[in-house]
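Asks: Residue numbers (full-length UniProt numbering): 1 to 224.
Simulated from the structure, these hints should not be mistaken for laboratory data. Worth double-checking, as some hints may not be accurate.
[Claimed, not checked] In silico DSBU-like cross-links for lysine-lysine, where the CA-CA straight-line distance does not exceed 35 Å:
{"id": "1", "residue 1": "Lys141", "residue 2": "Lys101"}
{"id": "2", "residue 1": "Lys34", "residue 2": "Lys137"}
{"id": "3", "residue 1": "Lys221", "residue 2": "Lys67"}
[Said to hold, decoys possible] Restraint ranges, calculated between C-beta atoms of paired labels, are given here:
{"id": "4", "residue 1": "Glu178", "residue 2": "Arg211", "range": "27 to 35 Å"}
{"id": "5", "residue 1": "Glu136", "residue 2": "Glu208", "range": "19 to 27 Å"}
{"id": "6", "residue 1": "Lys101", "residue 2": "Arg216", "range": "26 to 34 Å"}
{"id": "7", "residue 1": "Arg216", "residue 2": "Ala110", "range": "34 to 42 Å"}
Just so it is clear, CB atoms sit at the ideal spot from N, CA and C, and this is done for glycine as well.
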Amino acid sequence: MRILIIEDEVTLNKMLAEGLKEFGYQSDVVETLKDGEYYLDIRNYDLVLMDWMLPDGNSVDIIGDIKIKTPKTTVIVLSARDDNESEIEALRSGADDYIRKPFDFDVLIARIEARLRFGGSNIISIDDLVINPEEEKITYKEQDIELKGKPFEVLTHLARHRDQIVSKEQLLDAIWEEPELVTPNVIEVAINQIRQKMDKPLGITTIETVRRRGYRFCFPKEIS
């Protein structure tokens, strides 16, 4: 499970990231709305934990866009505002929960677990192809496909952005924890494994290479 933390208080965002790590969550931390929107564009998050007031605006203003782009992403607003009107505004803007500061970390974890448990499925289903990110499982016409690790994550990311051309750099940023430490060639290796372990045996095409631009998920490929 991956969580985006948008919080400008350095001590708090560090505490959140370290605490979430102990419970098995991966997290990215940003301090502004602008950086938050950048990460939301390049990565898939199960949950966004956001402070209300940020240096460059109110996080509540972007909840609607998050829900339009990724409806299954859970959004929890953290706020020092303790009035009912603010809570109502956040929830009506699309937030799944509203937690007042200061808060107990154990209670926060329990609320996160509850929201992720009932937040809905992230399963991607396209014709006879089903990708289940939570179980790292792929089936095609009820046949299980053995594709794990980074190739699975690359396929899943492209499938979630199937209307877009995704560059190697975007894939690296979205999937690798430290993209600056690996070369773009790892993307080619992952794509090749997808084609060898999945496309070729099944006689299908899931990913096409767009020269000089990147890759695009193309299943089911249209016949021109």
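Asks: Next step is simple, just say for each hint if it's right about the structure.
Replies: Hints versus structure:
1. Lys141 x Lys101: violated, 49 Å
2. Lys34 x Lys137: OK: Lys34 and Lys137 at ~34 Å, within 35 Å.
3. Lys221 x Lys67: OK: Lys221 and Lys67 at ~28 Å, within 35 Å.
4. Glu178 x Arg211: 27 to 35 Å: holds, 28 Å
5. Glu136 x Glu208: 19 to 27 Å: Holds - the Cβ-Cβ distance for Glu136 and Glu208, about 24 Å, lies within 19 to 27 Å.
6. Lys101 x Arg216: 26 to 34 Å: At roughly 43 Å between Cβ atoms, Arg216 and Lys101 fall outside 26 to 34 Å, so the hint is violated.
7. Arg216 x Ala110: 34 to 42 Å: holds, 40 Å
The structure fails to meet hints 1 and 6 from the earlier list, while all remaining hints are met.
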